[in-house]
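J.: Letter by letter, the chains look like this.
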Amino acid sequence: MKWKRKDLLGLEELSAQEIEFILDTAESFKEVSLRPIKKVPALRGKTIVNLFFEPSTRTRTSFELAAKRLSADMVNISASTSSVVKGETLKDTAKNIEAMKVDVIIMRHSLPGAPYFLAKIIGPSLINAGDGAHEHPTQGLLDLFTMRENKGRIKGLKVVIIGDIAHSRVARSNIWGLLKLGAEVAVAGPATLIPPQIERMGVKVYYRVEEAVRKADVINVLRIQLERQKTGLFPSLREYRQIFGVNRERLKDARPDLLIMHPGPINRGVEIDPDVADGPHSVILDQVTNGLAVRMAVLYLLAGGKSEAID
Amino acid sequence: MKLLIKGSRLIDPDSGYDDISNILIERGKITAIGRKVSAKGAKVIEAEGKIAVPGLIDMHVHLREPGREDEETILSGTRAAGRGGFTAIACMPNTDPVIDNQGIVKFIYSQTEKVGIVSVFPIGSITKGLRGEELAEIGELKEAGVVGISDDGKPVENSEVMRRALEYAKMFDLVVISHCEDKDLKGEGVMHEGYYSTLLGLPGIPAAAEEVMVARDLGLAELSGGWLHIAHVSTAGTVEMIRQAKSRGIRVTCETAPHYFSLTDEAVKDFDTNAKMNPPLRTEEDVEAIKEGLKDGTIDVIATDHAPHTSVEKEVEYTIAPFGVIGLETALSLIITKLVKEDILTLSQAIAKVSLNPAKILRIDKGILKVGADADITIIDPDREIIVESGAFESKSSNSPFLDWKLKGAATMTIVGGRVVMKEGRIL
Chain A
0 MKWKRKDLLG LEELSAQEIE FILDTAESFK EVSLRPIKKV PALRGKTIVN LFFEPSTRTR
60 TSFELAAKRL SADMVNISAS TSSVVKGETL KDTAKNIEAM KVDVIIMRHS LPGAPYFLAK
120 IIGPSLINAG DGAHEHPTQG LLDLFTMREN KGRIKGLKVV IIGDIAHSRV ARSNIWGLLK
180 LGAEVAVAGP ATLIPPQIER MGVKVYYRVE EAVRKADVIN VLRIQLERQK TGLFPSLREY
240 RQIFGVNRER LKDARPDLLI MHPGPINRGV EIDPDVADGP HSVILDQVTN GLAVRMAVLY
300 LLAGGKSEAI D
Chain B
3 MKLLIKGSRL IDPDSGYDDI SNILIERGKI TAIGRKVSAK GAKVIEAEGK IAVPGLIDMH
63 VHLREPGRED EETILSGTRA AGRGGFTAIA CMPNTDPVID NQGIVKFIYS QTEKVGIVSV
123 FPIGSITKGL RGEELAEIGE LKEAGVVGIS DDGKPVENSE VMRRALEYAK MFDLVVISHC
183 EDKDLKGEGV MHEGYYSTLL GLPGIPAAAE EVMVARDLGL AELSGGWLHI AHVSTAGTVE
243 MIRQAKSRGI RVTCETAPHY FSLTDEAVKD FDTNAKMNPP LRTEEDVEAI KEGLKDGTID
303 VIATDHAPHT SVEKEVEYTI APFGVIGLET ALSLIITKLV KEDILTLSQA IAKVSLNPAK
363 ILRIDKGILK VGADADITII DPDREIIVES GAFESKSSNS PFLDWKLKGA ATMTIVGGRV
423 VMKEGRIL
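Line by line, the protein sequences give chains A and B. With this note's numbering, the residue at position 144 of the first sequence is 143, and numbering never jumps. Position in the second sequence counted from 1, then plus 2, gives you this note's numbering.
Derived from the structure by calculation, the hints contain no laboratory data. We put the CB at the ideal spot given by N, CA and C, even for glycine. Warning: the hint list may mix true and false statements.
The calculated lysine to any residue pairs, modelled on SDA-like cross-linking and capped at a C-alpha distance of 25 Å, are [stated by the list, open to error]:
#1 B:K372 / B:V46
#2 A:K38 / A:V204
#3 B:K343 / B:E317
#4 B:K108 / B:V46
#5 B:K185 / A:K90
#6 B:K185 / A:K100
#7 B:K271 / A:P40
#8 B:K4 / B:V390
#9 A:K229 / B:G191
#10 A:K5 / B:D274
#11 A:K119 / B:K4
#12 B:K271 / A:L225
#13 B:K45 / B:R70
#14 A:K179 / A:K38
#15 B:K271 / A:V204
#16 B:K130 / B:F109
#17 B:K316 / A:I96
#18 B:K316 / A:K179
#19 B:K271 / A:H166
#20 B:K156 / B:R166
#21 B:K316 / A:G86
#22 A:K119 / B:V46
#23 A:K203 / B:Y197
#24 A:K203 / B:K271
#25 A:K154 / A:L180
#26 A:K100 / B:K130
#27 B:K408 / B:K362
#28 B:K316 / A:L225
#29 A:K90 / B:P68
#30 B:K293 / B:R166
Sample of chain B residues with no beta-carbon within 12 Å of chain A, all distances over it, derived [what the hints assert, rightly or not]:
#31 E136
#32 P205
#33 P208
#34 K248
#35 V270
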């Protein structure tokens, strides 16, 4: 197939075929990072901007390395979160960047929908690197890539996402991607962190982690944020750990080959215990490695790279 | 000058009159109605195939003047009203300064006198500065000419203050218009809490945020014997509670807005800031309940909650855009398209909810089309097809969720006090 979209905003709007096409493209890029000289000329002469309105180390660095390994020119812009504070509207900021004739803008923003709003009014390709609690498509893709790599398939896999589903863009992108590729998806966590009517998306809801993981092939454990406690969504990190923390005891009835994933950064000893996070079936660091390959693929497809330049 | 409206179908919800009639207007009043009425030297308005109804009244408008004249002014707001077929509007007190004293009331009246093309009736605030703490000088406000009191935009959170407001306003036969919203339940919410807020990752406003305060206010209305009017009803639960309260004899009336029977929360799906208002668009079941409430009379009034915001304010991230949509210039077309053509309401029932009923609630001598009444008349072409265009609004703002919608039915003439102020969509 041929890639046709200008932007990558979310996995909700992608077809299964498009998602698989990105994953397949990422396969060929994964190998580039294993070479002694980790660089191909695929996007030489293209300009890519990292426009981050929210702090990020992992995602920003991953995109930056991906761009550089494709020989694109990359600029990082960190801006304050809200246009209200900044005195310039998001629209004006983006229009200014557009006027510098860039090819791709990678945007992270704390507010849902911000990249959708921009994509409609600017010319360059836009990649959503996380918009509030809405979507984080490249994270969803790298999670799919990692599951496929380890389990050989997505279709029919039983995947459980554990933790703060309500505030998680990773959860939403995972759910869309997994459902489109035919996985069975469940979410588990405290009732106050499960958003209303999520069942309508086609996922099962569990309030007990033990029950949710019983037949699972994969668990994806989300970071729990302390500020949710302050807004009264759960009583304490201690209680969260006691009831929802992923530890060996809680996984004792799970399948022996249960794949352990976490999008990071990890609160060790809170949502996941170190012996599980670092255990034999953990692929948490592989996710990071795969993230680079997936982001190279996405940049390559959106910026219209030349395929012969990969070799 | 005499004016003769000829050949229209006249609908007067008050008397139940519905027949082809001529209407004669002299010195701002209706002086004769009948099939054979004619007058020498009168200017004739040919209205065959059209419908003449009492001038429409919108009891919930934000005119923004004084304070936010970049969004709307009394001039632009009354022009928008005229274009939409409204001959009178009531304006909410959340201006800057707030309509909480006689001076501002007088300013609204005098400014309307100078530049307004339709009648404007100010609504005073319930509490000083809309702060929810001390009652505004309600008696003096009434004396200056307010037609109701409301802290609209904000709930009166303190139940004791709300109780006293209902008791006190009762002495002056003033309606207390309540913006029902539990601020803690609303939290950071920016849309209805449900399936779509889950998909979009946007913080939700549950239906209960409205309903818990409706329940409180109904209790306070019963306690005080005051007159409660619930503004912008958006949920099935609210409709049901008001239905029960009415059957128990509690003195309560209520309104809904056209967007609550025309749209659901699905409209937020592409983060359209023009689909952001408070209360938010609800679900399909709520829309059905609103229609049922309109049909069985539980909902007395359709009011627009016309809330202009500039494109600068609305062309931002969904979360930080202000709540509110304009409504004056699309309301009648939505009422005809979504309620009359769909057989939810007869035209007469529909017109009553935007003329007779708000006039009764605000105690203004309008909303009736009979000999001796003010010649406030709206002429409607129920089959006129319109397309909602952002460039065509008379309002200073164009934050409508109905842009590019094709609708059926529109006002073709607005007559205020015997003066034609709008003809075929153009302000004269």
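J.: Which earlier hints turn out false for this structure, listed by number in ascending order?
T.: Violated hints: 2, 3, 4, 5, 6, 7, 8, 11, 12, 13, 14, 18, 22, 26, 27, 28, 29, 30, 32, 33 and 35; rest satisfied.
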